[in-house]
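Novice: Here's the letter readout for the chains.
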Amino acid sequence: MIRPLISLLTDFGLRDPSAAIMRGVILGIAPDVELLDISHEVRKFRIRDGALLLWCALPYLPIGVHVAVVDPGVGTARRPVAIRTGRGDVLVGPDNGLLLMAADRMGGITAAVELTEAAYRLPMVSTSFHGRDVFAPAAAHLARGVALERFGPPVDPVGLVRLPIPQPVPADGELRAHVLYVDTFGNVKLTAFADDLVQALGALSTGNRLTIEVRRGESGARARPVELAWRETFGEAAVGEPLLYEDSYGRLCLAVNQGDAAAQLELTEDLPVVIRCTG
Amino acid sequence: MIRPLISLLTDFGLRDPSAAIMRGVILGIAPDVELLDISHEVRKFRIRDGALLLWCALPYLPIGVHVAVVDPGVGTARRPVAIRTGRGDVLVGPDNGLLLMAADRMGGITAAVELTEAAYRLPMVSTSFHGRDVFAPAAAHLARGVALERFGPPVDPVGLVRLPIPQPVPADGELRAHVLYVDTFGNVKLTAFADDLVQALGALSTGNRLTIEVRRGESGARARPVELAWRETFGEAAVGEPLLYEDSYGRLCLAVNQGDAAAQLELTEDLPVVIRCTG
Amino acid sequence: MIRPLISLLTDFGLRDPSAAIMRGVILGIAPDVELLDISHEVRKFRIRDGALLLWCALPYLPIGVHVAVVDPGVGTARRPVAIRTGRGDVLVGPDNGLLLMAADRMGGITAAVELTEAAYRLPMVSTSFHGRDVFAPAAAHLARGVALERFGPPVDPVGLVRLPIPQPVPADGELRAHVLYVDTFGNVKLTAFADDLVQALGALSTGNRLTIEVRRGESGARARPVELAWRETFGEAAVGEPLLYEDSYGRLCLAVNQGDAAAQLELTEDLPVVIRCTG
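Chains as they are written, first to last, in the numbering used here: chain D, 1 to 279; chain H, 1 to 279; chain Y, 1 to 279.
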């Protein structure tokens, strides 16, 4: 007797009642679901942040319906969609790239529809709160077992909007990547994975010395590279010492033991970095 | 087999454990309830904010028991109350105006009592945490089906404390209103509704030009009016452009497409505004 | 048919998905549990804050499994542990002092084990996210009824890490204590309890005048003492007036009626204070 799972991720914030209203709408339609909030504090309008957080979370969540709303284009022609994954999840949200990193990771897209069927929306659909009027009701009806195909016309997965995320470039002796995300600890997550680093520099052992060159703008003076060590874990670095490590998702991450790496190393999203080994 | 719903709204914040303690007390008495947090990040002591957020949320929540605690007068003579609404909800909290906007919207007040009965409080009642000691236990016992009348003596609804909220004034060719609330996107919600604007200015179409005159203090120089357009939705405005629209609750709202209107237009709660049409 | 309770407390923050991932891992193993978040906004790395919040919360929560993760030493030799309390709870987390204030309060430690058994961890254990890989799975298996002894070798409670928390010193005519915690209202909680104050100064009545001398550093000029009154509750003080009162946990607390005492009195954690009665 397991309750079907619906997870929620938005940039609505926890002060305002929007996230709670989505939960209320869902419980009004499907009282027996298990609700799980992934985050409602995604930075406003940051679709890529939301996409990454979904990508991180979904492999650790039970199969379910996952609603995500970071939606600067609400009320425009952008499509509301539901996407079935290879694992059996259904992802619900705007067609703006938010859902696809996670869909790819959960076994790829096996079907997608545009959410047009009025029977699975609230009676009144506002122009600014589709989380409440379109996405939450769709998720609740999906959790009750309504077939995906009944929500609207099929969508060709090839036509879904994809976010432009620069790919890491492993070259001989260096790895080029970008800052993807700074978490609430100040840890700096890169677009590259630990596997990319091995491909570029060979296998590393804890304590190997690296330089991180940060490209801070075309005309600006090139800053001095950051010198730090490859570490298996935070605790191998002294308190306050920077390190590069493989985070718990396999991603390369710059950190400072018990400190804030983004602040200490002055790193922000989208900066390009070049990693080289010096010993 | 639907679990009874208890919703919670407080200004206790999410760092401290007070909200969780209320949940714990409720589950200890009524283990089978469905708990739904509307918000615990209401700004400290802002009764009107809490009242508005309840007003927004309740129509979208299932019928249930709704506990709200924004309670600067805790420990004084202000009464703890429970209020039954026309829809069948019970609202629980301090008699300081917090509950009445929502109660009016949910069908009005059909009964009210003062929460005096010791059997439905914790054994020890502190002077500073009635959320834990009085309101959470009352909500849990209500959700278990204890009749409202058993919690204490009836209260005349006319005597319940009401918040002073200035009414919008539609006049010939202008609408006078006040800033009611700034949400976490920086959207500026007014005391007036879209219907009030129609009454004052006639029906508007997207793109109609408006001026918003802001009265920033009696003796201060009158600031230049804000010029903007009426829009059906954010996306009709250019990114960074201000707009006036009907929010998803029917209320007039100043916004900036993908921006922070309160910051950009320097608007804060309680400022009086006058809206006129210029074409 | 009561669902077993698992509570969660971390410093992971609510923007990132780490707390939700712990919930997802738990629901994957034990779909029928009731999850209760105590806080995920404990300040980063502040073990003592987390210990205090657990101490506050647990007496008001049903008996259950309580997972806490404030873990600057993750990935080092610090032990992952589970501790059974006299009341029947099991506390799960790192052996760094986080769990013991609460364990002491819940009837003391009746058994403890190190969490080493691979069958009750995720298949891959990262070096930086034991909340997901070690603690959440352990909590879920405990909630399903797996015996504590099966998780790993017993640990001598005497050897568990304890936080150094200075004890209050009631002397004749004065009470010496320290600032323990500032809550989100700006209320300043001390290491001493109301009972300590009675022991030092005798019984107090509301309105009794006190001085609070704050020792702001060895060589610094001694600041002028704060003058304030003992109060039974906030509302007995004028708005903006400071007071000392017994908080809802029995602890001494400096507050300002409807204000922020920490900001107004310039108080921060760990400052020593001396309280004397002046009338």
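By construction, these hints were calculated from the structure, which means they are not laboratory data.
Among the clues, some could well be false.
[Claimed, not checked] Which stretches of chain H does chain D cover? Using the computed rule of at least three CB atoms under 8 Å from a CB of chain D, they are:
1) 34-44
2) 93-104
3) 113-120
[Stated by the list, open to error] The calculated PhoX-like cross-link candidates involving lysine-lysine, where the alpha carbons are at most 25 Å apart (straight line), are:
4) D:189 to Y:189
5) D:189 to H:44
6) Y:44 to H:44
7) D:44 to Y:44
8) H:189 to H:44
9) H:44 to Y:189
10) D:189 to D:44
11) Y:189 to Y:44
12) D:44 to H:44
[Unchecked claim] These stretches of chain Y come out as covered by chain H in the derived footprint (C-beta under 8 Å, 3 or more residues):
13) 31-39
14) 225-235
Heads up, the beta-carbon is just placed ideally off N, CA and C, and yes, glycines get one too.
Novice: For each hint, tell me whether it holds in the structure or not.
Specialist: Comparing the hints with the structure gives:
| no. | hint | in the structure |
| --- | --- | --- |
| 1 | 34-44 | holds (count 9) |
| 2 | 93-104 | violated (count 0) |
| 3 | 113-120 | violated (count 0) |
| 4 | D:189 to Y:189 | 37 Å, violated |
| 5 | D:189 to H:44 | 35 Å, violated |
| 6 | Y:44 to H:44 | 23 Å, holds |
| 7 | D:44 to Y:44 | 23 Å, holds |
| 8 | H:189 to H:44 | 19 Å, holds |
| 9 | H:44 to Y:189 | 18 Å, holds |
| 10 | D:189 to D:44 | 19 Å, holds |
| 11 | Y:189 to Y:44 | 19 Å, holds |
| 12 | D:44 to H:44 | 23 Å, holds |
| 13 | 31-39 | holds (count 5) |
| 14 | 225-235 | holds (count 4) |
In this structure, the earlier hints numbered 2, 3, 4 and 5 are contradicted, and the remaining ones agree with it.
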